[in-house]
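Visitor: For the record, the sequence lines run as chains A, B, C and D.
To convert a position in the first sequence, counted from 1, into our numbering, add 1238.
To convert a position in the second sequence, counted from 1, into our numbering, add 27.
To convert a position in the third sequence, counted from 1, into our numbering, add 855.
To convert a position in the fourth sequence, counted from 1, into our numbering, add 747.
Calculated from the structure, these hints are not laboratory results.
Incorrect hints may have been included.
[Stated by the list, open to error] Only part of the chain B face toward chain D is listed, based on derived beta-carbon distances under 10 Å:
1) D140
2) A143
3) T221
4) L222
5) Q376
6) T494
7) V496
8) N498
9) N628
10) A649
11) C655
12) G669
13) M678
14) L681
[Claimed, not checked] Only some residues are given here: those of chain B computed to face chain D with a beta carbon under 10 Å:
15) W136
16) V170
17) F474
18) F672
19) Q680
[Unchecked claim] Covered, in the sense of this in silico footprint (three residues per stretch, anywhere, with C-beta under 8 Å from a C-beta of chain D), are these stretches of chain C:
20) 1131-1145
21) 1149-1156
22) 1159-1173
Idealized CB from N, CA, C, for every residue including glycine.
Single-letter residue listing:
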Amino acid sequence: MTQQITIDPVTRLEGHGKIDIFLDDEGNVDNAYFVIPELRGFEQFCVGRPAEEMPRITNRICGVCPEAHHMAGTKALDALFHVEPSPAVKKLREMFYMAFYVTDHTTHFYALGGPDFVVGPDAPAAERNILGVIHKVGVDIGKQVIACRQRNHHVIQMLGGRGVHPVAGLPGGWAKALTEEERVEVEKIARENVEFAKFSLKLFADVVLGNQDYVDLVLSDAFTEPTYSMGMVDENNMVNFYDGKIRVVAPDGEELVKYEAKDYQKHIAERVEPWTYLKFPYLKDVGWKGFVPGKDSGVYCATPLSRLNAADGMATPLAQEAYEQMYETLGSKRINGRYQPVHYRLSIHWARLIELMFAAERMLNLVTDPVITDPNVRVVVNNIPDEGVGCVEAPRGTLTHHYWTDENGILTRVNLIVGTTNNYAPIAMSVKKAAKSLIKQGTVVTEGLLNRVEMAFRAYDPCFGCATHSLPGQMPLEVVIRDSQGEEVQRLSQFT
Amino acid sequence: MMPQERIGVYICHCGSNIAGTVDVEELSSWAGEALRHRGVVVARDYKFMCSSLGQDLIAKDIKEDKLTRVVVAACSPHLHEATFRKACADAGLNPYLCELVSIREQVSWVHTDKVAATAKAKAVISGGVERVIHHEPLEPMSVPINPATLVVGGGIAGIQAAMEIADSGFHVYLVEREPSIGGHMAQFDKTFPTLDCAACILTPKMVSIGSHPHVTLLTYSEVEQVDGYVGNFSVRVRKKASYVNHDVCTGCSICEEKCPKKVVDSVFEAGLGYRKAIYRPFPQAVPKYPVIDAENCIYFDTGKCKACEIHCEAGAIDFEQEDQIIELNVGNIILATGYDLFDARRETQYGYGRLANVFTSLEFERLTNAAGPTNGEIVLRDGETKPKAVGIIHCVGSRDRKFNNYCSVICCMQSLKFAHLVKERTGAEVYNFYIDMRTAYKEYDEFYQRVLSEGVHFIRGRVAEVTDVSNTPEEEERLVIQTEDTRMGKQRRIPVDMVILSAALEPRHDSDEIAHMFGISCSVNGWFIEKHPKLDPVATMTEGIFIAGCAQGPKDIPSTVTQGAAAAARVLGRIQQKELALEPIRAEVTEALCSGCRICNNLCPYHAITFDEAKEVSVINAALCQGCGTCVAACPSNAISGTQFSNEQVMAQLEGLLMLNMAEPVLA
Amino acid sequence: MSENGKPKFGMYWASSCGGCEISVLNIGEHILTVDEIFDVVFWPVAADFKYKDVRGYPDGYIDLCLFNGAIRNSENEEMAHLLRQKSKVLVAFGSCAYEGCIPALANFTSKEAILQTVFLDSPSVDNPDRVLPQPVTAVPEGEIRIPEMYETVKSLDQVVDVDYIIPGCPPEPHQIWAVLQVVVAALTEGAELPPKGSIVGAQETAVCEECIYPKSEKKIFRFYRPYEKVPEPGVCLLEQGIVCMGPATRGGCGALCPQVGMGCRGCYGPLGEVKDQGARMLSAMASVIGVGEPEMDERMLEREFETVMDTLADPAGTFYRFSMSHSLLRRAKVNGNGHAEPEPAEAGTTNVEMAN
Amino acid sequence: MMNNENFEPVIIGFTCNWCSYRAADLAGTARVKYPPNVRLIRLMCSGRMDPTFVLQAFAGGADGVLITGCHPGECHYLEQNLKALRRTMLLKRTVAQFGIEPERVRLVWASAAEGVHLAHMITDMVEEIRALGPLNWPQVAALNGNSHVPVLKKAATVSEEKVEVAA
């Protein structure tokens, strides 16, 4: 008889996420569906609003990474109003953005992904949360994590107006200038960030790389999925979060395309499925072949790992050092100067820490740049707006905002391709693969097993519709096994 | 839960006025049933609710059924609100807990379909019931009236007003800008139509005011600031330094004789004569004391001279004297600030200021005045030549789109007076150039007839120009008035030796500032606006501020005096009341809710809203507030509440009108 | 209270962005104190829990439940009912639960228009078969169900009874901590709780009270959009014509946005007895428009006013930016995005041109 | 446009105590007839008109709202009617975004002498709203079973008082 396993809710993904696993008569996984059951429709209700409000409206798409939407929206306004921000403005924005990256990556590593490693994938769920991490590594470190988040949120509020949902973004400018006193304070924070990034990389080396079981897990087939990699690169093809071109490389590392963000429509399209509210983006240049990996499938990833895969390296020394260490350790070869991409999903966590280091170093470079305290960062704009695209790397993937307005700057049309959305197809695939490889005929579905399924997508730090987060890395998984009549035959949950 | 109020609903038949179109029995039984859950405990209908029997019904129920609210459905509140409020009050219920809703003017008289009319009446009553639940007992506010009065302006209007009040035994402060009271009237020679001399009738009044026990005369003084509200104004007056110690000065005027500095007198003598640097505007000035015009005084200029001081036996000269600030507390204020004369130079085509023998009306008044520069001799500027022909042009600056649209009222009569005087004293030919003759007042037209019979020429038409360019020998060395004669229907050139321009009366140049200082307003033309142009011409929109004389608009002496007296009467009425009861419909700021955003601050035309800098909240002066409710509707915090028209009351009435209070919301 | 005598704490998110949770985390080390004081029995973001446990809890088992997020679909509403039943004190936490917040701007448009725009007209969408998400989908292996999206975004108190409200998008950390302390005092020392229905974690007066700029009388001759003017430092933004919702918005945030030269967004919602934040701001702003004299000809007056109002972009979207669900009208009758009706077809064609 | 001949609109009218309310009285004393669809509320001045009242009227089921005041320049309180004009103009722009026809809000100047004028304006508006059709806001707001009952007090238990009616 056919059985249906419903994992509901996975976690809040514009509401909750849900996994439907179908077993065939032998009890093997027939298929698995990752379902996003909520839609808020920003693309529609933003129509009629004044364009300049978008950075302050769209940040409500995600309260965890509002800064990313605020920044993508602000850059879209630059393009919409045809105004080129001054170097000072660009640097101020990027510095603000780096502070955000530090706090966001910190949150994810220590609160979301981290627990799987720090306290272990099979540890009792009750311990697999930030408090568990603290117990394992000690309260002092826990306080360090909290302190790191706090000092960077302080910078975000200083420059953005508010700690959550900043308001300072304007076409061609920024509402708040940095005073010298503030600069001194931020510089101190940036230096602390670099130290904290060093510490985090060391912790990862000790706890994860020092443990062969984890390394095996990382390298295991269940968590390997070769796909295209997408990421933003600067003029030297180094990783950049704030500005640059979008580069896509094949599973084997060959460059597929490098394009201006404004041309995204030429290279990206989105599929619609009736059983979910979220769309599936894919590479037009390759085409949609369904939920399959490999070079012939348009499925791609936009994660910390794929950003590293798509780039030639990191623009700051310590980050570059860590970057090389990761690829060497994971046995990647340099081909004409670039490392071959790696596709171990769990190594996304590692890549995230390398990005943490980059963000910290970059922040320090920017805050010590003499123009950063230029008082004239707000400008009057008289140009007639029409259409504009803004793009940044959100922690969870390439984030694109596209606006059309009438001559008064009232929005007539909006398109958004949100960070995690890029990864919807690969996540669905990873989940299915994990399920297939873990749930076999006759297996009793246990909590640890569910957690491993869960780990498959937690690595992406999924933020569906960019509003998905569960800080303890603790997906409230619950499995209901019903027979074909829908009668409940087994119900279990990962935390009993 | 039980409704908190016990409400009585009373439906009036008004004979057949209401009952004819509205099913009143149905209404009363409906109200008793359908609105019972809202607190209606009694519902009656009656032939004439306003009759004493009807009122007794209500009074009886208030006592026996312990009603806490009353709704009367009858005629317009403007007719009988007072009646029913009083009925409630007599029965021991606060009058403001009674609501009168109109089912006559707004239902039975304007609708024909009985069913629809009855349905609407239900809605209206349900609205009244919902509203009255939110009524609060109110007491009329009473403000004590300070019996002292401030009169601003010492012309005939101000003098008359001050006199009336002072004679009734109440104190008056009379403030005058110039060194003497008297105003424009003091400059005139004769007054139309009776031709009795202005000085003869004015100066006695001036003298008695000057010496009146209940009058404090503040000449050479100006009001600088006004605070407070009806009954309790506090006024700051600046008394300019006169450099003459009035306590010792005898008014002998020796100083004026000895003063070496001659100054053209552009005020009193209208520029025709001279005064000294130390001077009294005119011999009969009140007060009699001179003032030193520091700007023209040699001593103040060079530090030398002091002729006046040397010759003053009283030793009254005091060069060290400084301006004096005087604080007054008064209950009412009368503004009688008068008018300015239109500057005839602006009508360039009439040549005033360019052609020597073109005079303004005021100059001519001085010319004919026995006490004037020529001792009453009507002569040309040369001071000796008598004119053989004189042209008098009406409406100079009046009834003229370029300057003032209005009629200055007095010019016609004044011009007739001039014509008569010229004829009488010089026998010269006199030509009047007018648009219309306006002699609409007691014995005015008779005077017109008289002047006509004296052989004065009247030419109807607007004068094009006055020129000294001659076309014919007889025009040489003379002024020619070029005009269209609309009665003859042709252009005419009339040579004359003297031209008199009947210049318009204009609001004081600073009337806007004055209005703002006293919290009243000016019309587009700049005249002070009365509370009601017909029914309340001397009151203003600001309680306790009255206006009289030409400050309110051009008028002749009789009307001016009448207004002075009228304003005084209004003030005396207030003073007699001792306390003033104000309708308790007022706005009020709840300090705890006010964020100090100051949205409301400039919304009040009565300046009732001020900002308390210390507490950082806005404050409403209840005595100044007129209860319009504009600030209540504007306050973004709902921090301002308006008694008797609160948000709760209006919203409740709204819901009642929409029948949302029914068990089943029904929309007729 | 549970065995260990600790009060039981729960926090849940319906249709929201997660900012409320981040703001709670931003109380910093106090989060550890919260962990000590409370027995967390339900908090997707911070601790483990069992759904079936929640269902199994006796009614009123949870002492304090913070509910954030609006009611956008059937699932949100179900959770609201469940948690109301299981909680002693249910708090509408944050603007979404309180008044709909930014997502409730969707009430200016329709569910149909949203689906049309997102799945059919989006310039990047590839949907040849014009597929739309369905509540129930038959797949080869069986069927998949997803919640029903609502036409109208609702606030929490429109579906269940709410005890307290903590406003803000998101509530500021210092206010959250202040409230938690009050609750703890009440639960442990039996201190007095504010009356039911109170708005807590905010002040009684408007944002202006906390704003750093001195206020003076207001006369607005034209409005400026934030990119049309560099504000004069130290001067009230509204007095400069830069739209600021401060006067009509409850304070408590610390007037943060004006401090960086941006007008208050209005996220703390209306004040006191105000029934409709938008209407209050509308009335206040219209009242202080500085042009026009009583003597003027009526047409002239209207022209003058129109000119000023033309400089005020998207009045409804501005006045109701956060309070749409709780406004008197609650939603628009048709697509109110400034267009009479959505014009998908037209938009579609323009899009093709853009794409190629 | 749907056929609305049998539709009887409900219109709430706000009047100024000094002009339009007296105009309504005058219409009455002059026995000028107009349709019974308008229900008036008296305010001291059109300046008291709060947009909240208008929205509440719509939310409560009114099909139109009539705001009346003294002619510009004739306001009993000098210029408060201009505030009413400004608020009404901005309100019309705002309700339009809610999909409410701006014609459903009408501002009319009527001095105390203009009873006939006011009656004509009322008749005219009733016909205009009749043509527009019902607004039915309670139903609009009730989409998705949003049981939107406009703020109304709980119906109290019926009191035991017996109702006397004068014979």
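Visitor: Now, for every hint given, state plainly whether the structure supports it.
Guide: Tested hints:
1. Look at D140 (chain B): its Cβ gets to within about 7 Å of chain D, closer than 10 Å, so that hint holds up.
2. Taking 10 Å as the C-beta cut-off, the interface hint given for A143 (chain B) holds, the closest approach to chain D being about 4 Å.
3. With 10 Å as the threshold, the beta carbon of T221 (chain B) stays out of range of chain D, its nearest partner Cβ sitting at about 40 Å, so the hint is violated.
4. Interface hint at L222 (chain B): violated, since its Cβ lies 42 Å from the closest Cβ of chain D, which is beyond the 10 Å cut-off.
5. A least Cβ separation of about 34 Å between Q376 (chain B) and chain D goes past the 10 Å threshold, and the interface hint is therefore violated.
6. About 42 Å separates the beta-carbon of T494 (chain B) from the nearest beta-carbon of chain D, more than 10 Å, and the hint is not met.
7. Against a cut-off of 10 Å between C-beta atoms, the interface hint on V496 (chain B) is violated, since the closest Cβ of chain D lies about 46 Å away.
8. Taken as an interface hint, N498 (chain B) does not check out: its beta carbon lies about 49 Å from the nearest beta carbon of chain D, beyond 10 Å.
9. About 14 Å separates the beta-carbon of N628 (chain B) from the nearest beta-carbon of chain D, more than 10 Å, and the hint is not met.
10. The criterion of a C-beta within 10 Å of any C-beta in chain D is not met by A649 (chain B), whose closest approach is roughly 15 Å, and the hint is violated.
11. Residue-level restraint check for C655 (chain B) holds (minimum Cβ-Cβ distance to chain D is 4 Å; threshold 10 Å).
12. Hint status for G669 (chain B): holds, given a least beta-carbon distance of 7 Å to chain D, under 10 Å.
13. With 10 Å as the threshold, the beta carbon of M678 (chain B) comes within range of chain D, its nearest partner Cβ sitting at about 6 Å, so the hint holds.
14. Using the Cβ-Cβ criterion of 10 Å, the hint placing L681 (chain B) at the interface with chain D is satisfied: the shortest such distance is roughly 6 Å.
15. Here the hint on W136 (chain B) is kept, as its CB sits about 4 Å from the closest CB of chain D, short of 10 Å.
16. Violation of the interface hint for V170 (chain B) is found here, the shortest Cβ-Cβ separation to chain D being roughly 20 Å, above the 10 Å cut-off.
17. A cut of 10 Å between beta carbons decides the hint on F474 (chain B): the least distance to chain D is about 37 Å, and the hint is violated.
18. For F672 (chain B), the shortest C-beta to C-beta distance to chain D is roughly 6 Å, which falls under 10 Å, so the interface hint holds.
19. Using the Cβ-Cβ criterion of 10 Å, the hint placing Q680 (chain B) at the interface with chain D is satisfied: the shortest such distance is roughly 6 Å.
20. By the rule of at least three residues with a Cβ nearer than 8 Å to a Cβ of chain D, the coverage given for the segment 1131-1145 of chain C holds, with 10 such residues.
21. For the segment 1149-1156 of chain C, the stated coverage by chain D holds: 5 residues have a C-beta nearer than 8 Å to a C-beta of that chain, and at least 3 were required.
22. Here the segment 1159-1173 of chain C counts 8 residues with a CB under 8 Å from a CB of chain D, which clears the bar of 3, and the coverage holds.
Against the hints set out earlier in the document, violations occur for numbers 3, 4, 5, 6, 7, 8, 9, 10, 16, 17.
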